[in-house]
Amino acid sequence: MMQKDKEQYNVKQIQPFLAEGAEEHFFQIMQGYNRMMAYYRCAIMEVETKFNVLNEEFSLQHDRNPISGIKSRLKSLPSIREKMDRKGLEFNLQNVEKELNDVAGVRVICSFVEDVYLLADALLKQDDITLLEKKDYIAHPKENGYRSLHLIVTVPIFLEHEKRIMKVEIQLRTIAMDFWASLEHQICYKKDFEFTETMAKELYECAQLSADLDTRMDNLRSQVDLQK
1 MMQKDKEQYN
11 VKQIQPFLAE
21 GAEEHFFQIM
31 QGYNRMMAYY
41 RCAIMEVETK
51 FNVLNEEFSL
61 QHDRNPISGI
71 KSRLKSLPSI
81 REKMDRKGLE
91 FNLQNVEKEL
101 NDVAGVRVIC
111 SFVEDVYLLA
121 DALLKQDDIT
131 LLEKKDYIAH
141 PKENGYRSLH
151 LIVTVPIFLE
161 HEKRIMKVEI
171 QLRTIAMDFW
181 ASLEHQICYK
191 KDFEFTETMA
201 KELYECAQLS
211 ADLDTRMDNL
221 RSQVDLQK
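Going by my numbering, the first residue of the sequence shown is number 1, and it counts up by one from there.
If you are wondering where the hints come from, they were derived from the structure by calculation, not from laboratory data. Don't take every hint at face value.
As the list claims (entries may be wrong) - Keeping only pairs whose Cα atoms sit at most 30 Å apart, straight-line, the calculated DSS-like set for lysine-lysine is:
id, residue 1, residue 2
1, LYS135, LYS71
2, LYS134, LYS83
3, LYS50, LYS71
4, LYS71, LYS201
5, LYS163, LYS98
6, LYS142, LYS87
7, LYS142, LYS125
8, LYS83, LYS135
9, LYS125, LYS71
10, LYS50, LYS167
11, LYS163, LYS50
12, LYS134, LYS167
13, LYS83, LYS71
14, LYS142, LYS98
15, LYS135, LYS50
16, LYS98, LYS201
17, LYS98, LYS135
18, LYS50, LYS125
19, LYS50, LYS83
What the hints assert, rightly or not - Between beta-carbon pairs, the in silico distance windows are:
id, residue 1, residue 2, range
20, PRO156, ALA122, 10 to 20 Å
21, ASN52, GLU194, 39 to 49 Å
22, ARG35, SER79, 11 to 21 Å
23, ARG64, THR215, 14 to 24 Å
24, GLU160, THR215, 48 to 58 Å
25, ASP225, LEU89, 45 to 55 Å
26, GLN223, ILE187, 16 to 26 Å
27, ALA139, GLU205, 11 to 21 Å
28, GLU162, GLU57, 28 to 38 Å
29, GLY88, GLU160, 32 to 42 Å
C-beta atoms are modelled at their ideal positions from N, C-alpha and C, and glycine is treated no differently.
Throw the hints in and build the complete structure from the sequences for me.
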């Protein structure tokens, strides 16, 4: 489920993010923002449905589910504003849709590494999905040990009177990868905390342990499959 369902903003919340002297446009901008976020929620639902269908099909063909869980989130207004500022872009709805790829996010937690690539390939073969960007941090982990497969895709949503093409960031990772990434985020993103080189080394070694665990579990599954 989405972590923040139907996040709405009133005039007082929107006001700090508008240019000076734009008070007369508060209501229109508030409506536009909430409409845009509704579109992103619809895009998330489309992507989640696609993965649920793939999971169901795979369970029929192979007698197991490749997906352990699906999480989703919408970027909050302060986070959107902060990212726009970092990019040196004016904060408006057009720029948000055009310049940001991760307003809508879906995370797919898989059982095995092989499942990550199987699901990604199956999704990208669908003719209404367009791949904009792919970053394989499983084959090429980040310096801190982070592993995951990142996809930026577009997906159509069908409204009453129009079709809109929306961008969604998809992260696919194993249970072990998600365990490490979730705890790494809690450890490293505390305010006013100095993360030492020793801690970074320890965290990287934990990432290696999680990678080794994935490899061992993959090997065990292969042995079981050979005996079927």
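Going through the numbered hints above, which ones does this structure break? Give me the numbers in ascending order.
16 and 26
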